[in-house]
Amino acid sequence: MKRHLLESADLDRSDATLVLDTAAQIEQALAGREVKKLPTLRGRTVVNLFYEDSTRTRISFELAAKRLSADVINFSAKGSSVSKGESLKDTALTLEAMGSDAIVVRHGASGAPHRLANWVRGSVVNAGDGTHEHPTQALLDAYTIRRRLGRLDGVRVVLVGDVLHSRVARSNVWLLHTLGAEVTVVAPPTLLPVGVGSWPVEVGYDLDAVLPKAGVVMMLRVQAERMNASFFPSAREYSRRYGLDARRMAALSDDAIVMHPGPMNRGMEIAAEVADSVRSTIVEQVGNGVSVRMAVLYLLLGGNEPA
Amino acid sequence: MASSTEPARSPSPDSAPSGAPGTLLSAADVARVVDRMAHQLIERAASLAPGADDGGLSDLVLVGIPTRGAPLARRLAARIEAFSGTAVDVGTADITLYRDDLRLRGVRALEPTVLPDAGIDDRLVVLVDDVLFSGRSVRAALDALRDLGRPRGVQLAVLVDRGHRELPIKADFVGKNVPTSRSQQVKVHLTEVDGTDEVLVTEERDKS
Numbered sequence: 001m002k003r004h005l006l007e008s009a010d011l012d013r014s015d016a017t018l019v020l021d022t023a024a025q026i027e028q029a030l031a032g033r034e035v036k037k038l039p040t041l042r043g044r045t046v047v048n049l050f051y052e053d054s055t056r057t058r059i060s061f062e063l064a065a066k067r068l069s070a071d072v073i074n075f076s077a078k079g080s081s082v083s084k085g086e087s088l089k090d091t092a093l094t095l096e097a098m099g100s101d102a103i104v105v106r107h108g109a110s111g112a113p114h115r116l117a118n119w120v121r122g123s124v125v126n127a128g129d130g131t132h133e134h135p136t137q138a139l140l141d142a143y144t145i146r147r148r149l150g151r152l153d154g155v156r157v158v159l160v161g162d163v164l165h166s167r168v169a170r171s172n173v174w175l176l177h178t179l180g181a182e183v184t185v186v187a188p189p190t191l192l193p194v195g196v197g198s199w200p201v202e203v204g205y206d207l208d209a210v211l212p213k214a215g216v217v218m219m220l221r222v223q224a225e226r227m228n229a230s231f232f233p234s235a236r237e238y239s240r241r242y243g244l245d246a247r248r249m250a251a252l253s254d255d256a257i258v259m260h261p262g263p264m265n266r267g268m269e270i271a272a273e274v275a276d277s278v279r280s281t282i283v284e285q286v287g288n289g290v291s292v293r294m295a296v297l298y299l300l301l302g303g304n305e306p307a
Numbered sequence: 001m002a003s004s005t006e007p008a009r010s011p012s013p014d015s016a017p018s019g020a021p022g023t024l025l026s027a028a029d030v031a032r033v034v035d036r037m038a039h040q041l042i043e044r045a046a047s048l049a050p051g052a053d054d055g056g057l058s059d060l061v062l063v064g065i066p067t068r069g070a071p072l073a074r075r076l077a078a079r080i081e082a083f084s085g086t087a088v089d090v091g092t093a094d095i096t097l098y099r100d101d102l103r104l105r106g107v108r109a110l111e112p113t114v115l116p117d118a119g120i121d122d123r124l125v126v127l128v129d130d131v132l133f134s135g136r137s138v139r140a141a142l143d144a145l146r147d148l149g150r151p152r153g154v155q156l157a158v159l160v161d162r163g164h165r166e167l168p169i170k171a172d173f174v175g176k177n178v179p180t181s182r183s184q185q186v187k188v189h190l191t192e193v194d195g196t197d198e199v200l201v202t203e204e205r206d207k208s
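Protein chains in written order, with UniProt numbering: chain A, 1 to 307; chain B, 1 to 208.
Since the hints were made in silico from the structure, they are not lab data. Every clue listed holds true.
So the derived list for chain B, only partly shown, Cβ under 10 Å to chain A, looks like this: (1) Ala-93; (2) Thr-96; (3) Arg-99; (4) Asp-100; (5) Arg-103; (6) Leu-104; (7) Gly-106; (8) Leu-110; (9) Glu-111; (10) Leu-115; (11) Gly-119; (12) Asp-143; (13) Ala-144; (14) Arg-146; (15) Asp-147; (16) Gly-149.
Every residue gets a Cβ at the ideal spot worked out from N, C-alpha and C, and that includes glycine.
The following block holds chain B by itself, in its conformation from the complex (with noise of 0.2 Å):
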């Protein structure tokens, strides 16, 4: 996705002038990004499984980081069937107990992990997330997948990447780049979890 580096083009989500507080995506562009790397995520389990009857496809497995990475794993996984007629399999993983910053944060709830039958072993894992930020919660959802069992390999795809990274970690996938101050609060609202599509961004400092 060349957006970011050209300008000059500006019908697409993935151009609009961000950064500025207010309202980055509406519910028609939420589903335009999920339908687009619904796609991307079919070409490349192609590009990766060559001459494979369903594309590669069967090999993958979306795992969702809850709260609202789970829901947008089932979203890609029923728009990936809708445009390959092939499905895939969904799961969850929290990641709660295998974060560095229960100590700051304090301790919460914990959300299912659920797995599919097959398990992970030997598949191709695509971790899903809403925002991409520090790197923190991919890292801890990396040390749950290697208790978990051990994939060929692992891919993350995240609705929003708003920078700001604190460790090594990149996506494959991305919705929607955004270059954000750390002052500033991206949320994502989905549905399944806040009743409505839209993500926002927000001049908050207090980080609850």
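The shape of chain A in the complex, shown without the other chains (with noise of 0.2 Å):
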């Protein structure tokens, strides 16, 4: 493994399956255990560095580092010195000489963990920048359908929505294609982003038509707060062409699951009884989410000196 993970596109094929197997081990040593923490990474310390708003993604950082036993710093740009004005830099040059041994970032700019992991000397991880990618969600996602299906080779994967806003879609493009599984895409032609004919996926505009061969149908959130122009003519008709409701559940494989990285517009991209039936693996991935953030911390870290 790399020193940072800032992208999907950063992890080979054996780079990946050892974080899923690593993950898959974690999970294994610590079902049922009445202590669910481990002595790993005693001593260092992890920042959160959040400039946007993360519910899941934030506090599964955070719990996957203390069962590490890594001492967790959670910083959010609201209510420090961010709002003086200070920069990027500047604050994570501050965290470094406070003795920061990884910093976890999310951003709202693109490319800001690039940025940041050319300034610190201490392991950087992507918790989701911008438009780009998202890759510990990805890398869940991976891990989830893996659990649930028994394989990635040749599983075929639909992510259908606002693509073209999603990080998570980005990540997760280049990783299940990394891991040898079959990506299309489907989304109006409004949120498909201009050089997705680059990307190693097929493309579609038609749900209906690709549900009952889908192994995987990933639904993504529409991403209201990062629209600042019409990309649909109303939520009904998005609803009505590009939602996942129980009729189009009904023309999916028997083994088929459904899921979504949250938070959920209920009644926009899914339907309640969708996310609340057996086929959606939503809260799976919320558990799952920390087993692999551990492993990914574990990876990372475990293995240098401290800071």
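Dock chain one against chain two, each of which comes alone in its own frame, and use the hints as you go.
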């Protein structure tokens, strides 16, 4: 593994498989234990540097670091010197001067973690940057698929919805491709990025046509906060053409699963009865996220000298 | 076992000339040593539970330390069952995440941790490993056990004890004592992992 985890493309097949295998062993080792804590990263400090709001990713990273006995500092831009105008670089150097071994960063600007990685000596983990990547989400999605279906090679994965604004989609496309899955993206033409033709995916516009062959349907959140123009006529029309409801779910094969990275817009891209069905892995994904992030932190930090 | 202090007797593998590079134990020796350790485990369990119908064996859990402690524990359990007719529980405990030398040696892939369904609480755990050297693996295993449950007692069984302890740790069951120099390596090969059974002493300085 490299020193940083900045994007899915950083991971070759053996790296990605190592992360998934490590996560599986950690999950198995901790299952049913009274003491869900390992001493591996004792004395290391992990900083969660969050410039954007987050529930599950921040908590998941915090829990992962704590279960490995690292010290965790949570930093959110709100209420910090960022509001006085301190730059990302100065903030990062300040945190490093205080002895952080790893910085888990979420930032609204695509590429911010890459910049950060050039400034600090410790490891940098991208926890979502703008509309670019969110590699640990892709890893936990891949882990969830492998756990449910037993394999990734040759699995047909359909990503549906707001691909344009989705860092989850980008990370998943590259990682799933690396791991041998066949990816199809389905979205309104206005919500596909210009460069989608160069991605290793098939592109479709008709959800009903691809559902019967899909092993995995991954619904993407409609990211209203990033939409500064009208990408589709109305929420109702979007939902009718690209939302996953009970009727569409019935068209899926028997063992197909439905995923969503959260947070969900129930009734918009996914119907409540689908989100709560047995096919849905949405809650499982959250649980798997902790194991996967423990694996990432262990592999990045375990062998390093402390700062 | 008095063999190491009685140089006069030589036929048993226990007192064969040791320390010199070469094959320390052949496949037949490994099988014999495992058999003897199984008998010792049975005797010790019986002495700790006088009068018990099962000779104290159902209280026993053999926990192998991966990589080669795991198949070794399974073999010991199989031999114990063959000799006594009582099945004993087997598990494995990966200790990588408990090691204190990750920074020196770097991270490595993890191996499974599997405990018997009945757990280890209030039972007699015997840790099983291939080679006892510095004692640091055993220390890590003891830390792991503390998180996994609360055994009534913990004992240690190793196929080879090569000396050079860095911690106050001693094995309860030793297949073979071998005086070695620090520069030497003791390599245990087991069929389940390496395709063959043998124990080698090699003269290698670089320890990757």
